[in-house]
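Working from the sequences, and respecting the hints, build out all of it.
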Amino acid sequence: MTQEAVTANTAAPIPRGRKQPAKKLPSKQLLGIAGIIGFLLLWELVPRVGIVEPRFLPPASEVIAALITDFGLTAFWVAVGETMLAWAIGLVMAIVLAVVLGFIIGSSMFLRKFTNSTVEFLRPIPSVALIPLAVLLFGVKIESTLMLVVYASFWQVFIQVLYGVADVDNVAMQTAKSYGLGAMARVRHVVFPTALPYLMTGIRLAASVALILAITAELVIGSPGLGREIALAQSGGAISGMYALVLATGLIGVVINLVMRFIERKTLSWHSSIRSEVIV
Amino acid sequence: MRFLKTLGYVLALPLILVAIWWASTLGETNFFVPTPALLAEAFAETWFGERIVSDVLPSIGRLVVGVVSAIIIGIVAGLLIGSIKWLRDLTEPVLEFFRAIPPPVLVPVLMLLMGITDGMKVAVIISGCVWPVLLNTIEGVRAIDGVLSDSAHTYGIHGWARVKYLVLPSAGPQIMAGIRQCLSIGLILMVISEMFASSSGLGFTIVQFQRSFAIPEMWSGIVVLGLIGVALSFIFQWTERRVLRWYHGLREVENAV
Amino acid sequence: SGSPSGGGSEAPADAGSGGLTKISVGVIPIVDTAPIWLGDEKGFFAEEGLELDLQTATGGAAIVPGVVSGSFDFAFSNLISVMVANDKGLDLQFVANGASTTGEEGTGFGAVVVPEDSDIQSAADLEGKTVSVNNLSNIGDTTIKHVVEQDGGNPDNIDFVEVAFPDAPAALQNGQVDAAWILDPFLTQARSEGARVISWNFTEMHPELDIAGYFTTSEKVQSEPELVEKFTRAMNKSLEYAQENPQEVRDIVGTYTEIDAETLAELTLPEYRPEFSREAAQTLGEAAAKYGTLSEAPNLDELLP
Amino acid sequence: MQSETTPGTTPAPAGKTLPGNEAMLSVRNLKKVYKTDGGDIEAVRNLTFDLKAGELACLVGPSGSGKTTLLKCISGLMAPTEGEVLLNGTRVSGPPKKMAVVFQEYGRSLFPWMRVRENVELPLKNQGVPRAERDKLVDDALEAVGLSHVPQSYPWQLSGGMQQRVAIARAVAYQPEVLLMDEPFAAVDAQTRADLEDLIRTVWRKLGVTVLFVTHDIDESVYLGERVIILSSSPTVIQEDLAIDLPDERDQLNTRSLPRFTELRHHVYEQIQLAKQGHRPAAAVQTDSGAGSATA
Amino acid sequence: MQSETTPGTTPAPAGKTLPGNEAMLSVRNLKKVYKTDGGDIEAVRNLTFDLKAGELACLVGPSGSGKTTLLKCISGLMAPTEGEVLLNGTRVSGPPKKMAVVFQEYGRSLFPWMRVRENVELPLKNQGVPRAERDKLVDDALEAVGLSHVPQSYPWQLSGGMQQRVAIARAVAYQPEVLLMDEPFAAVDAQTRADLEDLIRTVWRKLGVTVLFVTHDIDESVYLGERVIILSSSPTVIQEDLAIDLPDERDQLNTRSLPRFTELRHHVYEQIQLAKQGHRPAAAVQTDSGAGSATA
Ligand SMILES: Nc1ncnc2c1ncn2[C@@H]1O[C@H](COP(=O)(O)OP(=O)(O)OP(=O)(O)O)[C@@H](O)[C@H]1O
Ligand SMILES: Nc1ncnc2c1ncn2[C@@H]1O[C@H](COP(=O)(O)OP(=O)(O)OP(=O)(O)O)[C@@H](O)[C@H]1O
Ligand SMILES: [Mg+2]
Ligand SMILES: [Mg+2]
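Going line by line, the protein sequences match chains A, B, C, D and E. If you number the first sequence the way the numbering used here does, the last residue is 281 and the count never jumps. If you number the second sequence the way the numbering used here does, the last residue is 258 and the count never jumps. If you number the third sequence the way the numbering used here does, the last residue is 405 and the count never jumps. If you number the fourth sequence the way the numbering used here does, the last residue is 301 and the count never jumps. If you number the fifth sequence the way the numbering used here does, the last residue is 301 and the count never jumps.
Because the hints were derived from the structure by calculation, they are not lab data. Here a beta-carbon is modelled for each residue, glycine too, at the ideal position from N, C-alpha and C. Hints are not guaranteed to be accurate.
Claimed, not checked - Taking beta-carbon pairs under 8 Å as the criterion, some of the chain A residues facing chain B (in silico):
#1 Ala35
#2 Ile90
#3 Lys114
#4 Arg124
#5 Asp168
#6 Ser209
Claimed, not checked - As a list, the in silico DSBU-like pairs of lysine-lysine whose alpha-carbon atoms are at most 30 Å apart:
#7 Lys102(D) with Lys130(D)
#8 Lys229(C) with Lys142(A)
#9 Lys281(D) with Lys178(A)
#10 Lys142(A) with Lys390(C)
#11 Lys122(C) with Lys320(C)
#12 Lys40(E) with Lys102(E)
#13 Lys102(E) with Lys165(B)
#14 Lys211(E) with Lys281(D)
#15 Lys281(D) with Lys267(A)
Structure, rendered in structure tokens:
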């Protein structure tokens, strides 16, 4: 780790503090865009230089062109809409379920131990293995996708909440207890804010897992959405079309993350991880 | 006595659930939901034999390699990205992009680049389970207590010493939360990696059972996955207890009474 | 090219379809299912009083459970998959043929290909080699094993790996597999890029081999015989129509797949015909039983209409 | 007021006890042992004393003698290993209603996700105190601790002393019946400290609240309390339970210059020094006579 | 020693300054503004003073006057908004070598994952001090703060005062050239405090370390320091820079009973009271004469 790395973490790193007024560091967005451009360049080069054949992995420019064509098609937006619908409903269901169960189970030592083995058993079961069950229950409709999305993203949030609940500061908890805050009030005012950073990480993980599962389910089951379009493009041999859709998937992921970051900054402004970036 | 208590905790809920399952499958028979007895039979027949050596062990081997690499990559990258702000800004969108790509569509690309090899399967596993470790490490590093960080700073604790004495322990609880997720995602990806371009392995076998409608066998394979998951998680929790001894002491000392 | 189509699950419902019985059919969006799309468009199903709800699924994993659970009234699947399902205790039955091999030597919509410079010359040479198929223990490896054995090779020595059809040409070219079994449109593409066919495995197994068909549960055949008959009649009409109008087939395939027009014009269509060839099915079933895909040869009286 | 016979195994000098119905808070043979990996730590060996309703007692003792531990047991946040705590005759087994605690670790006892005002307001809001009354209580409390200018800051934007004063304001606004304070003025400057001392005495007299006040400042303990309980060093028993016979009306200048004040603070100082040196009270020594000898 | 002309915009009374080569630590026109969502907070307006090598200065001031802020700027943990800090003539831009800081938030400055001994040992280990020497330094430091009996405990198993002493032990064992302490004795009892005061003076004289000591205890500031710097209330300037002309050999009983001691502490008390009431020094008032008038 460089000196830079060390100072960058303190509340007010001197070298940065001093440099800032003179030559403004590139803003966050600029750096982010630079990162994306770097990645696209690499992607452009790999097929062009011949590391893999452009026939199998088309260069970035070609894929982007295909994506731009897609942007003009309603069918594309319908598919995006279907996928996002499954994503949003599934994610919300998973979060609600995981938060409720996580707080209940997390705050009781007994429940924690009691459910531990079952949780550990169920967690690694791949959603894809549940496809026959999902189809059996719901057919090739959005409900099947939902079931898989909820199942997979539930655990992401649930585990994070368990850890977050365990991270409550004793002094803060005792303060709350001594002021007569009841169990519900303590959850609301102490446990929840403490677990919030964990929860946000969990939600961010779950948001992309939900997207992955929504697409995978559509891909494997064939329920409507981007995933089915990918499968169609794939089985039709439309390689750049397929990568354009994959690119679209990734972009959706980036957008989702931006939104999540925004929410996080709003809700966690008091947290030291955010704090240290606001001051100075 | 203590052992019995632990055993009770481990077995109580599973037993209750199996009982419920047994009771609810008593009357009708659904082709896709076998009874516990049928499943147990299929389990014994399917997995106590050469399958362990030919399918299960190689899969577990790839899983372990993948998970361990993911943990190392996740922690190292997380430490860097978490402590260097410009690096975080630079990489975040690209990482988010990759995180959103479903492994099944990543497989063909990896196959192109790496061939149909174990390396490709390991890469699929890494590509999926590095995220929880990475994200949690980044968050953990960012959340270090200011006073503590200042203390280390004034005592001239820099570079590697800072990582070792301050950053890693402090981010430890969150990194551990990430690793725990990583384990089960790894197992899921092990199956996915064997769904494509494969001819053996635990995941492949399960998918094969599924396709050939050997339903009890398929469920028994899922049980195997679950059991591996439980085993991994118990190993993990045992390790965590030791690594985060201070943390559990700190948190539980007063809850104990 | 490369743009996703709006080809969706909702079949264009005829206006004023008040008296029609709605049935949902699970299909895979490939060339083989062209007749049902075409028949729907031509109104053959409406004539029988049926309103089709075509639901696309991407593979057998979703289709069979869909039929068993009643989400689909009928569905499309290859013969082996249904034989396997019955072998495991399900009770499924074909009600209409789907697609059959062309029966002509030197052409077809599925084949085993090798790179141009490969020293593999015939099926027997596959012995000891790595061959890709889309799914193991299914119609691909069963027919290939049969063909290899016919050709004098030892089928047990072939190393099959699963590679999806779209990825197979790349795997073949990069040397990751020695030979690949692929179907159209990828076969046409691969051949145009220099791959050499060493076996038309379907036709070589039996010139009248039926590859896939439409099935439902035996229970449904018994409980709703009229509905099944209507479906079969409409389906057979569609098959005949498709067989007679290849250009219309090519056109309609373009609407529900992503195959570009150029490839579409070149690819080999399967034969569409109403009757199943019992003899070919017999051969297939026996081969599957012999190579362990089935525990015993299927009872064709129960399986076929 | 003589101590009753103490039934514990180790005969230890008890603090003042009262007949059951007179005591508001009773600590009986309290013992606390922390279990750790490295073996047991006996923080408190045997404590017995009573507090009358409306009494203001100060608790002093060497660092690590178990004052915080005692406070946690009294507030029901920790179960004693042996013995019990009674509040109005009923055994304390969880945080009782209408009790406020100001923790020694003030920095960690404020919720970093709430602004100063919200921190002070929370217990009242939780109790369902109506808006108007709540606003008044919060404003008054913030005013009293000299923080009315920063209601919208987060605790981590405040200096140490300001944080501590927020915790005090929260306790005062809550209008408790029992107030436990663990070194509440450790981080504030001398002048503020004097002001806060007077605030506590005012609140105490106005609301008739029972106060147990831990401090390290001997002058403070004598100035504030009606009674000073001196703890021995660990494992802890009561070294002395001293009545402060200063006039009820106290003010910073006059009270502190009384000769009796100097006597008392000298006595407390000596006792703490003894405690630090490991001197332990003999079981027979009566606490009152101990104080008497100091004043003789 | 007269203050030089201060170039800042607001003419503020400066603390004592020295010719460049004599000063070890120079604070020049230091200003610190915290930027927050709710607007800017001007914590420190303008501070200028010098410390000679080997000087022991105490810093007192109302709660929230910016003492912690000043210490953080001096230790290079925070960049001043304006002005600068020089150590041996070079501008401080990050924590300098051989400087130790004892933080006000002692509880949070210890590593909870390390035992007491490891906490004290860490900075030495990090510096590559050989094992034997390190062991001796750590043992001595723990002994000096009275914690030699708990080296294997975790910080969170200790009482507040014990935690604070661990932080002090860590600083002392480090053998720094500059020692900054932010209310280091706030949580310890009177007797221990006296012992620790003497410890600091001993360490200071033995090692010749330059000490800047923040305290709220006026007696302590007079007893400990050679100089007391009194800050005004926020936005902060220097209220007074007072030389303590007590004999160099001090002990708890005799020094504190000297009449000069009482005079000085009275003077500091008055100044702080003035500061609290918002009285700000006029720019012309010379610090030395201020002290003179008090002693007259
Ligand atoms: N969580 C804990 N685990 C183990 N031992 C503990 C714990 N908390 C306190 N102790 C021990 O109990 C004893 C009393 O601690 P306590 O905090 O009650 O002291 P205190 O009187 O409040 O001291 P101080 O004035 O320094 O705050 C100490 O020896 C301490 O080491
Ligand atoms: N992180 C911060 N963000 C915003 N304002 C701050 C921050 N830290 C301190 N302040 C403000 O700066 C001023 C000075 O704070 P500082 O901690 O330096 O005071 P102090 O002299 O150490 O007080 P105390 O004796 O109470 O510890 C206070 O008004 C405080 O509210
Ligand atoms: Mg304490
Ligand atoms: Mg401070």
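Each hint tested on the structure:
1. Ala35: holds, 6 Å
2. Ile90: Violated - the Cβ of Ile90(A) stays beyond 8 Å from chain B, reaching only about 18 Å at its closest.
3. Lys114: Since the shortest Cβ distance to chain B is 4 Å, the answer is holds.
4. Arg124: OK, holds: Arg124(A) within 8 Å of chain B, min 4 Å.
5. Asp168: holds, 7 Å
6. Ser209: Ser209(A) check passes; min Cβ-Cβ to chain B is 5 Å, inside 8 Å.
7. Lys102(D) with Lys130(D): holds, 14 Å
8. Lys229(C) with Lys142(A): violated, 41 Å
9. Lys281(D) with Lys178(A): violated, 33 Å
10. Lys142(A) with Lys390(C): Measuring from Cα to Cα gives roughly 38 Å; hence the hint is violated.
11. Lys122(C) with Lys320(C): holds, 15 Å
12. Lys40(E) with Lys102(E): holds, 29 Å
13. Lys102(E) with Lys165(B): Answer holds: Lys102(E) to Lys165(B) is near 20 Å, not above 30 Å.
14. Lys211(E) with Lys281(D): Answer holds: Lys211(E) to Lys281(D) is near 26 Å, not above 30 Å.
15. Lys281(D) with Lys267(A): Answer violated: Lys281(D) to Lys267(A) is near 51 Å, above 30 Å.
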